[in-house]
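Take these sequences, add in the hints, and give me the full structure.
So the protein sequences, as listed, match chains A and B.
Numbering follows our numbering, in which position 308 of the first sequence is assigned residue number 418; successive positions increment by one, without gaps.
Numbering follows our numbering, in which position 102 of the second sequence is assigned residue number 191; successive positions increment by one, without gaps.
In case anyone wonders, no lab produced these hints; they're calculated from the structure.
All of these numbers come straight from a predicted model, not from anything done at the bench.
Accuracy of the hints is not assured; some may be wrong.
Straight-line distance between alpha carbons at most 20 Å, and here's what the computed SDA-like set of lysine to any residue pairs gives [said to hold, decoys possible]:
1) A/Lys432 to B/Gly116
2) A/Lys161 to B/Gly227
3) A/Lys161 to B/Glu154
4) B/Lys104 to B/Lys121
Here is what each chain is made of, one letter per residue.
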Amino acid sequence: MEIDIVPVEGELNVGPQHPGSGHMRIYVKLNGDIIEDAELDVGYVHRAVEKLSENRNYMHLIPLVERPAILDSIHMNLGYVMAVEKIIATDVPERAQYLRSFAAEVNRIASHLYGLGILGIFLGHSTAFMWGFGDREVWVTILEALTGARVTNSYIIPGGVRRDISPAIMEMTKKAIDYTRRKLEDWRKIFFYNPTIRARLENVGVMTKEKAIEWGAVGPNLRASGVPFDVRKDEPYAAYSSLDFEIPVYKEGDGLARGLVRLDEMEQSMRILEQIMKDLPEGNILSDRFFKQIPPIRLKKYWEGQHRIVLPGYYASFRPPKGEASSRVEAARGELFYYLVSDGSPKPFRLRMITPSYRMIYAFKQLLKGSRFADLVSVYGSFDYFPPEADR
Amino acid sequence: MTNLNDLMKEIQASKIQVKMESQNRLGITVEKEKLREVASILKSKGLDHVISVTGMDYAEESRFEVVYHLSSYSDKDLTSAIVALRTSTKYEDPQIPSLYSVYESAWTGERETYEMLGIFFEGNPDMRRMFLPEDFEGVYPLRKSFKIKLEGVFVDKPV
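As structure tokens, this is what we get:
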């Protein structure tokens, strides 16, 4: 039987309350079921962090800047603090550097599991969704034990970190690594080797290497297109220069590659965690410059008793010298960039915050052109795009 | 294959003022008329994408500054470097040539800078609002003249 397909043109709104769009409206122009043009209407969760930063002290900004990416707050925190450290020229003790890497990698695993879970539910694979959120819980609990908060940890402060790690947390981490290693095998078997999932992801939303560079893609999406760029290797921060790990790179650039890069990255993160727990140097977790300012009585109670830092008075409203600093970290979704301009007052003159999802807006928009409407969710899910992070 | 020092010398050879700001950071300040030309030179040297576009409002001098941060994916020796390309414009003439024709990745940043500061980028095809609601009242939230109402809980006494 022959069926005549009548080409139909039209426009369609996806979201902002569509289960497959998050806090975003995607406006697509269709020809049949081919997307001819796509417009991302972002801004539904815009919180104006950049404007607010002109009215807050440097320390008061820490809880604010880590809000945009709730599930990646350690990285947001780390990038901002690194910029502040550059502007006030502070050293950071070795142990604190290792602890920063530790927290960052735990957060990376948690964030990737979230991303894979979301990819699963977009493709109608609800088991993956449950698994992603369940497995993530293990890592979030470690963060909770280490920092005192499940998300929005405010763990990293200029000159060091707020709390020390304990043997109990290390034990928890070892168990979590064992568990997640087993689970990742299941992820591969049941999710990525699943014919339905393969059909939805393979050769879908292919981003070539040249296009990825031109559009300025970041993070796992960039590495899935064959560009071996990772800030941890290219401009090492925290303890990454002394840690041994690899950067997974795929050359296909399709949805499947983007998922597999994240799966491989989790494996590498666990390798990093094991090394950190083995080589963690002894010493202080806060720069001496600030440590000396803590009154002895508080030091005895909190540092010697609970291995916690109480914030010294310097932090209340310090005035950094005039100048500017830029810092970048490899957050779970990609390169995160901070640009801080100080005019000598206790508040930043200008804080520019470029998050990975923000930089993916253009790539996402371009990539949707020419793909099928049913593939919109595959592309979206495999991008691990997180609207609040793009909006800030 | 060039490292940052070589890059600096090469750019200086084309009579552009360059400053090494710290390790891995290079700063270039140009007139806005020369912006696109300098950006093309930088692109040919291997800096292939824009990380960020920042607009700043210097209200006392009544001028805007726009900073493009450029970096490289393809040149292994330049991946650790960030080049800040600066230009400024007066309040009376808030227009800057867009770098969209040179760097496609500048699209998002330029669009946001336009809506937040009111700097028009000539040549960018999408000079529309992006983050703010369509019926947003008042002008350009990132200008210093736009004051936010503060609650007095954590905020220091007004100076």
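To see whether the hints hold, each was checked on the structure:
For a cut-off of 20 Å, the pair hint linking A/Lys432 to B/Gly116 stands: about 16 Å separates their Cα positions. Under the criterion of a C-alpha separation no larger than 20 Å, the hint pairing A/Lys161 with B/Gly227 is consistent with the structure, at around 15 Å. Proximity of A/Lys161 to B/Glu154 is assessed by CA-CA distance (about 16 Å); at most 20 Å being required, the pair is judged to hold. Proximity of B/Lys104 to B/Lys121 is assessed by CA-CA distance (about 16 Å); at most 20 Å being required, the pair is judged to hold.
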